[in-house]
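Trainee: Given chain A, work out where chain G should sit, using these hints.
Line order of the protein sequences matches chains A and G.
Note that the numbering used here gives residue 49 to position 49 of the first sequence, counting from 1, and the numbers run on in steps of one.
Just add 1000 to the spot in the second sequence (first one is 1) and you have the numbering used here.
No lab work stands behind these hints, which were simulated from the structure alone.
Model, not experiment: these values are computed from the prediction.
All residues carry an ideal CB built from backbone N, CA and C; glycine is no exception.
Mixed in with the good hints, there may be bad ones.
To be verified - Simulated coverage check for chain G against chain A, where a stretch passes if three residues somewhere in it have a Cβ under 8 Å from a Cβ of chain A:
no., stretch
1, 1043-1049
2, 1062-1068
3, 1101-1110
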Amino acid sequence: QKEVEQDPGPLSVPEGAIVSLNCTYSNSAFQYFMWYRQYSRKGPELLMYTYSSGNKEDGRFTAQVDKSSKYISLFIRDSQPSDSATYLCAMKRLTGNQFYFGTGTSLTVIP
Amino acid sequence: DTGVSQNPRHKITKRGQNVTFRCDPISEHNRLYWYRQTLGQGPEFLTYFQNEAQLEKSRLLSDRFSAERPKGSFSTLEIQRTEQGDSAMYLCASSLGPAKLFGPGTRLTVT
Chain A
1 QKEVEQDPGP
11 LSVPEGAIVS
21 LNCTYSNSAF
31 QYFMWYRQYS
41 RKGPELLMYT
51 YSSGNKEDGR
61 FTAQVDKSSK
71 YISLFIRDSQ
81 PSDSATYLCA
91 MKRLTGNQFY
101 FGTGTSLTVI
111 P
Chain G
1001 DTGVSQNPRH
1011 KITKRGQNVT
1021 FRCDPISEHN
1031 RLYWYRQTLG
1041 QGPEFLTYFQ
1051 NEAQLEKSRL
1061 LSDRFSAERP
1071 KGSFSTLEIQ
1081 RTEQGDSAMY
1091 LCASSLGPAK
1101 LFGPGTRLTV
1111 T
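This is chain A alone, in the form it adopts within the complex (with noise of 0.2 Å):
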């Protein structure tokens, strides 16, 4: 079992529409969360970083972490077409630098 699942998608929805994205793990260590979004032929760009548990915004972006159910959330609010590209999770340990990285919900937002 990998350590970080994430549906891979394809996700496809209508310009305005609340999007949510998820990642599920395994290790209870995992204590820092980050979303990158990654356009095609790309280097992934970091959107959200959360220690911990629970709600971070930015703009129109959520970020849940639920860390009694191993379970972390991105929602984006009134969707837009350049919101179109692959979601990457990843979490990290308290300690140590390297990151599991989920692999990648692809997103669609028709005009």
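Mentor: For chain G alone, coordinates are given in the frame of chain A:
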């Protein structure tokens, strides 16, 4: 300098040839990482430097791979005797804290 830069952006080589990639991190970041990403997968950790010291290497980093970071600034990743299975996007990232910022990647195609 506003981000991580990587050169070249794309490299096509014949099987058996050696290739070298360069990464210039964000100047104040003391930590530098190399990852490899294949289509439909999340990035996989290869190696990590803190300043000039290579502190961690993945089992993915076979003896054909070598990375350096002289003087703790830019880094190079060399692949000797390339194989078709080495075809991937090679990503460099740097950080001061837990969140990593990625470069645009070098796409390697081995024919």
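Trainee: Hints first: check each against the structure and report whether it holds.
Mentor: Each hint, compared with the structure:
1. Only residues whose beta carbon comes within less than 8 Å of a beta carbon in chain A count, and the stretch 1043-1049 of chain G has 4; three or more means the coverage holds.
2. Only when three residues or more bring their CB closer than 8 Å to a CB of chain A does the claim for the stretch 1062-1068 of chain G stand; here the count is 0, and the claim is violated.
3. Counting residues of the stretch 1101-1110 of chain G whose CB lies closer than 8 Å to any CB of chain A gives 6, which reaches the minimum of 3, so the coverage claim holds.
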